[in-house]
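K.L.:
Residues per chain, in single letters:
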Amino acid sequence: MAGMNDPPPIAVRSLRKVFRQTTSGQSVVAIEGLDLDIASREVLAIVGQTGCGKSTFFDLMIGLEAPTAGSIVIGGKTPYGDFDHFRGQIATVFQQDRLLPWRSALDNVKLPLELIGVPEVEQRERSMAWLNRLGLGNFIGAYPHELSGGMRQRVAIARAFVVQPGILLADEAFGHLDEVTAAELRETFLSLARESGSTAILITHQLEEAIGVGDRIVVFGRSAKLLADIHVNRWQEGEYAVLREAIQATLQSNEQDARLNRP
Amino acid sequence: MHLNEYREAGLVGTFSRQTVVSLLVFVVVWEVLSYFAPALGIPAFAIPSFVRIGQSLMSITFIDVAVTVARVIGALILSFVLGVFLATMMYRSEKLESYLFPMIRLFMAVPVVSWILFAVLWFRGVEFRIAFVLIAVCGPVFLVDALDSMRGVSRELRGMMRSFRPTTVQYFTKLMFPAILPNLITSWKINLSLAIRVVTIAELVGAVTGIGHQLAVAQELFSVADVFAWTLVLVALLFLLEAVVARVERRLLRWRA
Numbered sequence: 001m002a003g004m005n006d007p008p009p010i011a012v013r014s015l016r017k018v019f020r021q022t023t024s025g026q027s028v029v030a031i032e033g034l035d036l037d038i039a040s041r042e043v044l045a046i047v048g049q050t051g052c053g054k055s056t057f058f059d060l061m062i063g064l065e066a067p068t069a070g071s072i073v074i075g076g077k078t079p080y081g082d083f084d085h086f087r088g089q090i091a092t093v094f095q096q097d098r099l100l101p102w103r104s105a106l107d108n109v110k111l112p113l114e115l116i117g118v119p120e121v122e123q124r125e126r127s128m129a130w131l132n133r134l135g136l137g138n139f140i141g142a143y144p145h146e147l148s149g150g151m152r153q154r155v156a157i158a159r160a161f162v163v164q165p166g167i168l169l170a171d172e173a174f175g176h177l178d179e180v181t182a183a184e185l186r187e188t189f190l191s192l193a194r195e196s197g198s199t200a201i202l203i204t205h206q207l208e209e210a211i212g213v214g215d216r217i218v219v220f221g222r223s224a225k226l227l228a229d230i231h232v233n234r235w236q237e238g239e240y241a242v243l244r245e246a247i248q249a250t251l252q253s254n255e256q257d258a259r260l261n262r263p
Numbered sequence: 001m002h003l004n005e006y007r008e009a010g011l012v013g014t015f016s017r018q019t020v021v022s023l024l025v026f027v028v029v030w031e032v033l034s035y036f037a038p039a040l041g042i043p044a045f046a047i048p049s050f051v052r053i054g055q056s057l058m059s060i061t062f063i064d065v066a067v068t069v070a071r072v073i074g075a076l077i078l079s080f081v082l083g084v085f086l087a088t089m090m091y092r093s094e095k096l097e098s099y100l101f102p103m104i105r106l107f108m109a110v111p112v113v114s115w116i117l118f119a120v121l122w123f124r125g126v127e128f129r130i131a132f133v134l135i136a137v138c139g140p141v142f143l144v145d146a147l148d149s150m151r152g153v154s155r156e157l158r159g160m161m162r163s164f165r166p167t168t169v170q171y172f173t174k175l176m177f178p179a180i181l182p183n184l185i186t187s188w189k190i191n192l193s194l195a196i197r198v199v200t201i202a203e204l205v206g207a208v209t210g211i212g213h214q215l216a217v218a219q220e221l222f223s224v225a226d227v228f229a230w231t232l233v234l235v236a237l238l239f240l241l242e243a244v245v246a247r248v249e250r251r252l253l254r255w256r257a
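For the record, the sequence lines run as chains S and X.
The numbering of the first sequence is the numbering used here, which starts it at 1 and goes up by one.
The numbering of the second sequence is the numbering used here, which starts it at 1 and goes up by one.
If you are wondering where the hints come from, they were derived from the structure by calculation, not from laboratory data.
Everything numeric in this text was worked out from a predicted model, so none of it was measured.
Worth double-checking, as some hints may not be accurate.
[Said to hold, decoys possible] For the chain S half of the interface with chain X, some residues (derived, Cβ under 7 Å), not all of them: (1) Ile62; (2) Leu64; (3) Arg87; (4) Thr92; (5) Arg98; (6) Trp102; (7) Pro112; (8) Leu115; (9) Tyr143.
[Stated by the list, open to error] Across the chosen pairs, the derived CB separations fall in these ranges: (10) S:Phe19 with X:Arg105: 26 to 34 Å; (11) X:Leu96 with S:His176: 34 to 42 Å; (12) X:Val169 with S:Ala66: 19 to 27 Å; (13) X:Met108 with S:Arg20: 29 to 37 Å.
[Said to hold, decoys possible] Chain X is nowhere near these chain S residues, computed Cβ spacing over 10 Å in every case: (14) Pro9; (15) Arg13; (16) Arg16; (17) Gln21; (18) Ala39; (19) Val43; (20) Ser71; (21) Thr78; (22) Arg124; (23) Ala182; (24) Arg234.
Where a beta carbon is used, it is the ideal one built from N, C-alpha and C, also for glycine.
Throw the hints in and build the complete structure from the sequences for me.
P.N.:
Shown next as structure tokens:
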């Protein structure tokens, strides 16, 4: 996918994930029968309340967890079963920056390039270019504890983009930042994702964020039940307040609000 | 300031004012006791004056110091490699851990003296005996510390690393080992002090070279001054080695706030 024009579409079929609690031995259904298609280069926002399985879906998408049943197929391969195939092709931005504290900003950005065996000189050039692009050119030698929260998240974004991934996943990536920084980073992330031609999946619980960045919004109910699948371009900007209200009502009732039934 | 804080701050090597005062008080008290020992019914040789101890210090044989240092460093490096290797294997395999861990706990419960006796009874070569004892005592400390530290690496960092799909070697070299480095350095500090004591006892019992052996000779000659002099060398050696580790620590962990 990296370096190719169009990343392959993603097909999620009858996806089920059940966790067994270590202490009680009880089973918890995190995702139940999820079907979802994500087109190439699409920017998809996934919204849902806490505990609806968004983060589990994220872990399944990046292949950290195996589905209990069903499948996620990307270009004929599965992220868990064909784990190594997706090296350098799926990149992630997490809620917390998750930078390695013993590495400088530059070395943190270089990390995924080291893992896929890019030559040292190229690692440095590409990492420097991304840090410059994200406005951190003067901080390449700074350690994470020397950077602000927003700057650290910029480094994390650079680390995700540096491998030119076909698929980008962001899990509540801007939720912990102040509104001004979050809006700025959201915009940067979106423009970079569109420019790079990656398929981007943003998981969020903030409706403003979902409406602001997504080509499409899917609303997860409990157990990752698909409550609504909204193509944002079918809504006028003046209708966003209604859209937000309808999504809110859907989340609260765990049933799709009739206003979202728009062909 | 607590002694450990002095050591952490590397002040032991730089002799702060408090350290000098504290040492001077000890020297004065010792010297006074030495002067009055016969009057107190204590034999004069039991508390020798610093002049006598100084004479003993001048006769220190550096080859014995070098031999002891080499034994300590060599055995610690072997213990470190073995301990971290086994910890890595145990971290990767719960089954291996479930079988090995009880054995490690058993090893850790065995007193040093028993290890020395086993070494004397089982092996012939002096160097092998000493290495065996040091590794048996220090290896499990490295192992347990490394294993605990690996388990303590945050789930978030492990998840982030795995999301980039590293090979097993990359996973350990890029994440786990750098992450547990601060704990490994602490293990080195603990083991240095432990190894200096253990090697002395081991040399005392079964060696013909080294500081422990020289202590045994001094004991046979009833020379408290020599015992004191060699003990001073041991303490100085420990401080010196700790200072080296502290310097390495400052260099390797310069990223810490």
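K.L.:
Now look at each hint and say whether the structure bears it out.
P.N.:
Checked hints:
1. Ile62: holds (5 Å)
2. Leu64: holds (6 Å)
3. Arg87: At 4 Å from the nearest chain X Cβ, Arg87 (chain S) passes the 7 Å test, so the hint holds.
4. Thr92: holds (5 Å)
5. Arg98: holds (4 Å)
6. Trp102: It holds, given that the least Cβ distance between Trp102 (chain S) and chain X is near 5 Å, below 7 Å.
7. Pro112: holds (5 Å)
8. Leu115: holds (5 Å)
9. Tyr143: It holds, given that the least Cβ distance between Tyr143 (chain S) and chain X is near 5 Å, below 7 Å.
10. S:Phe19 with X:Arg105: 26 to 34 Å: This hint holds: roughly 32 Å between Cβ atoms.
11. X:Leu96 with S:His176: 34 to 42 Å: Distance hint for Leu96 (chain X), His176 (chain S) holds at roughly 39 Å.
12. X:Val169 with S:Ala66: 19 to 27 Å: Given range 19 to 27 Å: holds, Cβ gap about 23 Å.
13. X:Met108 with S:Arg20: 29 to 37 Å: holds (34 Å)
14. Pro9: Fine: 21 Å to the nearest Cβ keeps Pro9 (chain S) off the interface.
15. Arg13: For Arg13 (chain S), whose nearest Cβ neighbour in chain X is about 23 Å away, the distance exceeds 10 Å, so it holds.
16. Arg16: Holds, since 21 Å exceeds 10 Å.
17. Gln21: holds (16 Å)
18. Ala39: holds (23 Å)
19. Val43: holds (20 Å)
20. Ser71: Non-interface label on Ser71 (chain S) holds, nearest chain X Cβ at 19 Å vs cutoff 10 Å.
21. Thr78: At roughly 13 Å from the nearest Cβ of chain X, Thr78 (chain S) sits farther out than 10 Å, so the non-interface label holds.
22. Arg124: holds (17 Å)
23. Ala182: holds (20 Å)
24. Arg234: Holds, because the least Cβ-Cβ distance between Arg234 (chain S) and chain X comes to about 33 Å, which exceeds 10 Å.
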